[in-house]
Amino acid sequence: LLLVTGLLVAVGRYQAMENLIKVIVVLFTLLTLIATGLSLTYIDPTQPLSRPITLEPATLFFLIAITGWMPIGNVAAIMLSNWIVAKSAETGADRATTVRLDYNIGYLATTLLALCFVLIGTVFLLGNDQPIPGGSVGFAAMLIDLYSQILGGIAGTLIALAAFAVMFSTLISVLDGFPRIYVELFSVISRKPVNNPHRQQIGFLAALILGAALMLLVFMNSFTGFIDLVTTLGFLVAPVVVYLNERIMLSDQIDKSLQPSRALLAWNRTALVVFSATAIAYLALRQL
Numbered sequence: 001l002l003l004v005t006g007l008l009v010a011v012g013r014y015q016a017m018e019n020l021i022k023v024i025v026v027l028f029t030l031l032t033l034i035a036t037g038l039s040l041t042y043i044d045p046t047q048p049l050s051r052p053i054t055l056e057p058a059t060l061f062f063l064i065a066i067t068g069w070m071p072i073g074n075v076a077a078i079m080l081s082n083w084i085v086a087k088s089a090e091t092g093a094d095r096a097t098t099v100r101l102d103y104n105i106g107y108l109a110t111t112l113l114a115l116c117f118v119l120i121g122t123v124f125l126l127g128n129d130q131p132i133p134g135g136s137v138g139f140a141a142m143l144i145d146l147y148s149q150i151l152g153g154i155a156g157t158l159i160a161l162a163a164f165a166v167m168f169s170t171l172i173s174v175l176d177g178f179p180r181i182y183v184e185l186f187s188v189i190s191r192k193p194v195n196n197p198h199r200q201q202i203g204f205l206a207a208l209i210l211g212a213a214l215m216l217l218v219f220m221n222s223f224t225g226f227i228d229l230v231t232t233l234g235f236l237v238a239p240v241v242v243y244l245n246e247r248i249m250l251s252d253q254i255d256k257s258l259q260p261s262r263a264l265l266a267w268n269r270t271a272l273v274v275f276s277a278t279a280i281a282y283l284a285l286r287q288l
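Residue numbers for the sequence shown follow my numbering, beginning at 1 and rising by one.
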């Protein structure tokens, strides 16, 4: 999958990649909505849909891991910026209009799908005494098997297709987005303009595929440990991303008419305080 997706990213222009992503997103959105609707019909009104949260370190660690990428990773702000620039360069689209439209649609859709998967997990996993496998293959097989048992074989096929579409679109986004970020970062650090960005992106893409393959080999024995590590790191760097985003949006490079309002700035600074305090509390508890 890494090699095939890397080839698609290497030979495809931004517009072609965006069209492919749109098709996949529409597919897994429809499949996920159908799967969620089927799940809701199996809610037992006599059973609770939640469990009380106990205030202990293990619970905090779990919440940190979840919020690290919910409903989307904070690094998406950087990727989105690069994609908007690439789209504007290829199509001539107005950046301000495009970024508002793409961001609002993408964020709302991601939030909706996150809620769908929470509902799916609640219906099929809450109260289920079956141990959750630590491996990615075992977990996927268990989830699909639960669907097949309760809703029939077609539902299992639907959730399998939806899960694959979600992961495949994410893989395409990562392999396309991160090399773009690395090229820009390299240009800033070296203080040299990017003469051939596509060639540099190919080089970073190859390094990214190799690094991802090595990480899979190292962490494959504990899929949950791997996910916890990645999402927790995503949460810990959130205060830095929040701060840098604000610095950029208030810089001279952004037209005054496009800068955030006072209300949005207050919201952003509140988030900065909350993220920082939680990150400090997490690191302190890890030392206990």
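Possibly wrong hints are sitting among the right ones.
Distance ranges between label pairs, derived from CB positions [claimed, not checked]:
hint, residue 1, residue 2, range
1, L244, N104, 18 to 24 angstroms
2, I280, L244, 15 to 21 angstroms
3, R247, Q149, 23 to 29 angstroms
4, I254, G152, 32 to 38 angstroms
5, S50, I254, 17 to 23 angstroms
6, A271, N104, 16 to 22 angstroms
7, M215, A89, 39 to 45 angstroms
8, I189, F139, 24 to 30 angstroms
9, A263, G152, 44 to 50 angstroms
None of these hints come from the bench; they were simulated from the model.
Treat the numbers as computed from the prediction; the structure is a model and nothing was measured.
All residues carry an ideal CB built from backbone N, CA and C; glycine is no exception.
Now the hints, each set against the structure:
| no. | hint | verdict |
| --- | --- | --- |
| 1 | L244 x N104: 18 to 24 angstroms | holds (22 angstroms) |
| 2 | I280 x L244: 15 to 21 angstroms | holds (19 angstroms) |
| 3 | R247 x Q149: 23 to 29 angstroms | violated (52 angstroms) |
| 4 | I254 x G152: 32 to 38 angstroms | violated (53 angstroms) |
| 5 | S50 x I254: 17 to 23 angstroms | violated (42 angstroms) |
| 6 | A271 x N104: 16 to 22 angstroms | holds (18 angstroms) |
| 7 | M215 x A89: 39 to 45 angstroms | violated (32 angstroms) |
| 8 | I189 x F139: 24 to 30 angstroms | violated (39 angstroms) |
| 9 | A263 x G152: 44 to 50 angstroms | holds (49 angstroms) |
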